[in-house]
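Chain A is fixed; fit chain B onto it per the hints.
What follows is each chain in one-letter form.
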Amino acid sequence: MISMNLPNFFLADLGADAALTPGTITEACATLRRNREHYLQGRSTGGLIRLLCEVAENWLQPDYPLRQRALEEGPATLGFSAPTLARGLDACFRQFTPEQFHALLTQELGHAGRLDGFSATSDEDRQRRASLARGPELLAHIAAGNLPVPALMSLALGLLVRSAQFLKCASGTALLPRLFAHSIYEADAKLGACLEIAEWAGGHELLEEALFAEADCVTATGSDETLAAIERRLPRRARFLGYGHRVSFAYVTAEVLRGAGAQRVAARAAADVAAWNQLGCLSPHVLYVEQGGTPPEQFSELLAQALDALEAVEPRGPLSPAEAAVIASRRSFYEVRAAHSPETLHWASQGSTAWTVIFEADPQFQASCLNRFLYVKLAPSLTQVLRSAELVRGKVSTVGLAAPPERARELAMELARWGVPRICPLGEMQSPPLAWRHDGRPALADLVTWTDWET
Amino acid sequence: MTPTLQTFSARLRDFISRAAPRTERGFNALALELFALQFDANVPYRRFCAARRLAPATVEHWTRIPALPAAAFKEYEVTCLAPTERTRVFHSSGTTQHHPARHFHSGASLEVYEAALLKWFHAQVMPPDSSGRALCLTPAPEQAPHSSLAYMLGAIRNALPPGAVAFAGRLARSGAWEVDTAEADRIVHAAVAAQTPLVVLGTAFGFVHWLDTLAAGGVRHSLPGGSRVMETGGYKGRSRSLPQSELHALITERLGVPAEAIVCEYGMSELSSQAYATVGTTAELRAFHFPPWARAQVISAETGALVDEGETGLLRVLDLANIFSVAAIQTEDLALRRGNGFELLGRAALAEPRGCSLLAVA
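Taken in sequence, the protein lines are chains A and B. Per our numbering, residue 6 is the first one in the first sequence, and the count goes up by one each step. Per our numbering, residue 3 is the first one in the second sequence, and the count goes up by one each step.
So that you can see chain A by itself, here it is in the shape it has in the complex (with noise of 0.2 Å):
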């Protein structure tokens, strides 16, 4: 779509049908290197904060151009309506501000200033030691297409690093991080120089094979296959960071679930289960309920009854009819199971395939056909869900966990110990802080290399 009042600066404004050749991706390549050089390498971090704070304080404001677009082209291009859009930029942009950076770079590199100069911390001062981190000159991201907001925060990120940035969007996806490419473009087109948004349908070589060619360091999201294929295709000497697809759960202990807290433990995890109509790797498949407080199925109905409450108010949006289809073949599925058993319950909405919650009392985790279909399982322990979830031990992201503060270390130690890389209260699972580490792992120090400084 061409923009009528945005200026064609970046690849992506040209629309998905301009013809792009390796030429003119190499050609991108040497332009955003010479703007780094130029633009970006001399930044101050707290310059550069700023101005990521004052984009995304844009961002949260109603009559911002630049999200009114968001939101009134996102429903046709990307599927989610406008208020689960809105929501889930609100959550993303929320987390930009000087105190969470701040908290970003010393968790990160140890100490704020090691982007801008030498720097030690107090134990490194004693050693007459210090240290200085450089980003790539040259990052190329390849962008899932599932939801928008990590590639902006993959653009955040190298921004902060003083890295070129060539980001590479799936088919019909571009759009987001076109808008926020502009809204720093706005804010300082130096800056909006050093960034380049192209789209193409993955797997076209040529034009990947120029990108890779000039690029430092490659980050990719996508399947496992996808990631193998782009690490085989790169050069030697690029560094390589693939986050593959990952599932997500919820553990919701007996204790909260006692008195009225079941209605607002539901509302939470219904909201979680919107969020980004559950699509993100962070979002929750299957929900496991201890016994002793309100009957899971019981809780289930909760369940049901806040998703249909949400979706007066975030509606999932349409869906393709083989999508759809996928829904209702999975509910009829279950439909036959709860003729023939009284452990398995099902709730769905009327008229449409806007959510359904499957309860099974049998443990084993399944992952859910998503665009908000949960599954409710019983949980006999923790470590009992453990073990019927061990076919996905390795490629769980997130679990969602309400439980009393006295319950909660031991959970999430024993959560740890299986390998889980983050572990969140409920309601928050698709809003990780600005600090967190992608499939546990450094979310900057991954990017950046070091020079020590022994005086």
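In short, the hints are calculated from the structure, not lab data. Some clues are possibly wrong.
[Stated by the list, open to error] Simulated coverage check for chain A against chain B, where a stretch passes if three residues somewhere in it have a Cβ under 8 Å from a Cβ of chain B:
(1) 329-342
(2) 345-358
[Claimed, not checked] Each pair of labels, with its calculated beta carbon distance range:
(3) 62(B) with 413(A): 53 to 59 Å
(4) 398(A) with 173(B): 44 to 50 Å
(5) 307(B) with 195(A): 53 to 59 Å
(6) 313(B) with 318(A): 27 to 33 Å
(7) 317(A) with 19(B): 54 to 60 Å
(8) 35(B) with 367(A): 36 to 42 Å
(9) 413(A) with 306(B): 40 to 46 Å
(10) 306(B) with 13(A): 44 to 50 Å
(11) 386(A) with 313(B): 57 to 63 Å
(12) 246(B) with 424(A): 41 to 47 Å
(13) 318(A) with 147(B): 52 to 58 Å
(14) 8(B) with 266(A): 44 to 50 Å
(15) 306(B) with 317(A): 16 to 22 Å
(16) 318(A) with 16(B): 57 to 63 Å
Backbone N, C-alpha and C fix where the C-beta goes; we use that ideal spot for every residue, glycine too.
Chain B in isolation, oriented as in the chain A frame:
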């Protein structure tokens, strides 16, 4: 088995043999009668109807008869037959399924199956008095006793003069089907030499396997005029898969059978009747059509309502020949509504969600 189901079978076989025209009232009466019989005799189906709070007394039109999801055949014994009456079981094909669908048959139900399949096959693919021959790329039914397709081709063989139908399929050591390409070539050569029309019947993956071999050897057969091809089913990972139009072009190129002589068949082990579509003809004939004793509907996956002409949804079939199991079946096949028929688009369960998921887990 209750005598009423048998009485119904006799009447349906009469209906089939006369190929009675599609009168709405006649079809509706038979469908409601069969629904009542199956509601009584088929326990999983009755439980399903009860969960939907539907019973014969409350259903007045065949379109309201609850359609049982085909997936039920995988988990439950969806049958009106007592265990001692079950003389044969057909399994769904596919190599990755832990629990195949099971469709139980008895002598009586197989008689209905044969009557139904032969009548429509003769009308759509190969007339019964044809002097031609047929080549099946599947194993013979004796080698594949749980395949409803092999059984069907066996019934076609038995209805033709001895020797008119040959099977060039066989079982690999893994149990998978493969084509004895040398045998297939030999039969084709004989038909070309005698200038006898040949009807070649097989699965899409069987055709691809054979045609790839022909292409590799640079072989182009030129089957005599009047020859036809019937192609059925998906690929299920057993050969390279290619778009249907490419498969048909390859058939024309390698066998010399023109597009208008290629017929597609839609069938499943859970049904007793088949739908056919003729490639390279009018838009109406290019759509799949069931015989007068079965009806297809395309249902919106989103709302459950019938879709409009030209729209996409899930295929639902009411097959009156499915007397001893269940007549109304909700498939997982995506279809486009075309007049009284449908175009097939694929299997919903295989459609990939666009989010992060590990489908292997399911």
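Verification of the hints:
For the stretch 329-342 of chain A, the proposed coverage by chain B is satisfied: 11 residues have a C-beta within less than 8 Å of a C-beta in that chain, meeting the threshold of three. Only when three residues or more bring their CB closer than 8 Å to a CB of chain B does the claim for the stretch 345-358 of chain A stand; here the count is 4, and the claim holds. Checked against the hint of 53 to 59 Å, the C-beta distance between residue 62(B) and residue 413(A) comes to roughly 57 Å, which is consistent with it. Between residue 398(A) and residue 173(B) the beta carbon distance is about 37 Å. The supplied range of 44 to 50 Å is therefore violated.
Distance hint check for residue 307(B) and residue 195(A): the Cβ-Cβ separation is about 56 Å, which falls inside the suggested range of 53 to 59 Å. With their beta carbons about 29 Å apart, residue 313(B) and residue 318(A) fall inside the hinted range of 27 to 33 Å. With their beta carbons about 56 Å apart, residue 317(A) and residue 19(B) fall inside the hinted range of 54 to 60 Å. Take residue 35(B) and residue 367(A): their Cβ atoms lie about 39 Å apart, and the range 36 to 42 Å holds.
Between residue 413(A) and residue 306(B) the C-beta distance comes to about 43 Å, which sits within the given range of 40 to 46 Å. Checking the proposed 44 to 50 Å range against residue 306(B) and residue 13(A) shows it holds: the Cβ atoms sit about 45 Å from each other. Checking the proposed 57 to 63 Å range against residue 386(A) and residue 313(B) shows it is violated: the Cβ atoms sit about 48 Å from each other. In this structure, residue 246(B) and residue 424(A) meet the distance hint of 41 to 47 Å, their C-beta atoms being roughly 44 Å apart.
The hint said 52 to 58 Å for the Cβ distance between residue 318(A) and residue 147(B), and at roughly 57 Å that hint holds. Distance hint check for residue 8(B) and residue 266(A): the Cβ-Cβ separation is about 60 Å, which falls outside the suggested range of 44 to 50 Å. For the pair residue 306(B) and residue 317(A), the supplied restraint of 16 to 22 Å holds, since their beta-carbon distance comes to about 21 Å. Taken as a hint, the range 57 to 63 Å holds for the pair residue 318(A) and residue 16(B), whose Cβ atoms sit roughly 59 Å apart.
In this structure, the hints that do not hold are numbers 4, 11 and 14, in rising order.
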